[in-house]
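2 protein chains.
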Amino acid sequence: MKYCSTCGQPVEQRIPEGDNRHRYVCISCETIHYQNPRIVAGTVPVWEGRILLCRRAIEPRYGYWTLPAGFMENAETTIEAAARETREEALAEVDIQGLYSIIDVPHINQVHMFYRATLKDGLFGAGEESLESKLFEPGDIPWDEISFPTVRKTLELFLVDMKSDAYNVHVTDIRHPMAKKA
Amino acid sequence: MKYCSTCGQPVEQRIPEGDNRHRYVCISCETIHYQNPRIVAGTVPVWEGRILLCRRAIEPRYGYWTLPAGFMENAETTIEAAARETREEALAEVDIQGLYSIIDVPHINQVHMFYRATLKDGLFGAGEESLESKLFEPGDIPWDEISFPTVRKTLELFLVDMKSDAYNVHVTDIRHPMAKKA
Ligand SMILES: [Zn+2]
Ligand SMILES: [Zn+2]
Chain A
1 MKYCSTCGQP VEQRIPEGDN RHRYVCISCE TIHYQNPRIV AGTVPVWEGR
51 ILLCRRAIEP RYGYWTLPAG FMENAETTIE AAARETREEA LAEVDIQGLY
101 SIIDVPHINQ VHMFYRATLK DGLFGAGEES LESKLFEPGD IPWDEISFPT
151 VRKTLELFLV DMKSDAYNVH VTDIRHPMAK KA
Chain B
1 MKYCSTCGQP VEQRIPEGDN RHRYVCISCE TIHYQNPRIV AGTVPVWEGR
51 ILLCRRAIEP RYGYWTLPAG FMENAETTIE AAARETREEA LAEVDIQGLY
101 SIIDVPHINQ VHMFYRATLK DGLFGAGEES LESKLFEPGD IPWDEISFPT
151 VRKTLELFLV DMKSDAYNVH VTDIRHPMAK KA
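Going line by line, the protein sequences match chains A and B.
Residue 72 in the UniProt record's numbering sits at position 72 of the first sequence, and the numbers go up by one each step.
Residue 159 in the UniProt record's numbering sits at position 159 of the second sequence, and the numbers go up by one each step.
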């Protein structure tokens with residue numbers, strides 16, 4: 001951030017009065033521009049004991065397998081965001097079963113949330129951001145080609161819970177060993 | 001948003017190629033400025049069967065009672081944010097027991113997350129944004145002076161779960177009847 005989105009004049013980084021963190025503050029209109037983490041919402045879509053994964057048609061991680069997930073938009077709920085991303089990436093309609101994982105990724109200012117879901121009718125396909133979608137037996141998950149650590153972590157937890165058919169909500173985080181300070 | 005935070009030139013609202021939503025796009029450098037929901041993180045702090053509430057010293061809802069909560073910052077986890085807000089508003093150190101509620105508030109582009117917590121040592125006070133903090137017996141919650149719907153909802157759920165000492169994660173939403181479209 002270099003310029004004020006309210007008035008177009010330059011911003012500077014300083015600690016505003018009554019605050020304790022550096023913020024971008026406009027040198028002209030004094031608007032404080034806060035920056036906050038973003039939510040990535042997705043699902044673990046299941047059909048007849050198999051898990052639906054999408055192979056990414058976009059960078060980063062082109063060609064790798066992922067659970068359908070993406071940035072939550074304004075004016076929607078986390079459940080709506082998770083279902084929308086599943087629709088967009090896997091062309092699949094789902095019934096949301098419950099919250100499954102919340103994984104904080106503080107070094108990239110993100111919170112990933114996955115909901116358990118079942119396909120409504122078993123139908124799926126490849127959305128614009130996917131090369132293909134495919135149902136995987138638990139034993140056939142392509143572990144060497146998983147796109148992101150939060151997807152891997154969620155799948156690892158899910159496969160364990162599948163065995164006992166008892167799904168808890170998992171709250172965890174993934175920290176980068178070389179994380180830079182904000 | 002009126003100006004590009006990257007180059008300082010005006011932005012316009014349009015649907016970028018490959019997208020399906022109106023975004024702020026710079027007319028000069030073409031940067032797309034996405035806007036996403038923000039997370040409010042807080043705790044339900046408990047000590048010897050009583051719940052700690054803070055009376056707000058700031059607007060909105062000056063003088064009303066709230067659970068300690070506030071906007072999650074970059075480079076922290078949701079648990080760290082919840083504990084930090086409790087430290088700042090109630091001068092209390094807590095042990096986080098588990099996720100308790102996730103309440104989507106889509107008409108204001110927020111997701112509120114509350115964690116169950118216990119005071120480490122029973123100590124608390126009034127931070128800069130609080131007039132006072134106080135432990136309430138479940139039967140003495142000041143329902144007519146609760147600050148926000150998400151706090152009320154979380155307290156209502158919590159009092160029910162307290163009776164059975166069985167705390168589930170609750171995912172729900174609060175929608176404004178007159179919500180304007182984003
Ligand atoms: Zn300005
Ligand atoms: Zn620009």
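Because the hints were derived from the structure by calculation, they are not lab data.
For glycine and all other residues, C-beta sits at the position ideal for the given N, C-alpha and C.
Among these hints, one or two may not hold up.
Where chain A lies over chain B, by a calculated footprint (3+ residues, C-beta under 8 Å) [stated by the list, open to error]: (1) 3-12; (2) 31-43; (3) 64-74; (4) 146-160; (5) 167-175.
Per the coverage rule (Cβ-Cβ under 8 Å, at least three residues), is the region 31-43 of chain B covered by chain A? holds (count 7)
For the region 146-160 of chain B, do three or more residues have a beta carbon lying closer than 8 Å to a beta carbon of chain A? Three-residue rule not met by the region 146-160 of chain B, so violated; n is 0.
Closer than 8 Å, Cβ to Cβ, for at least three residues: run that test on the region 3-12 of chain B against chain A and report holds or violated. As far as the region 3-12 of chain B goes, the hint holds, because 9 residues have Cβ atoms under 8 Å from chain A.
Counting residues of the region 64-74 of chain B that have a beta-carbon nearer than 8 Å to any beta-carbon of chain A, does the count reach 3? Holds, because 4 residues of the region 64-74 of chain B bring their Cβ atoms closer than 8 Å to Cβ atoms of chain A.
Coverage criterion applied to the region 167-175 of chain B (partner chain A; beta-carbon cut 8 Å; 3 residues): n = 3 at 8 Å, threshold three: holds.
Consistency with the previously given hints fails for number 4 only.
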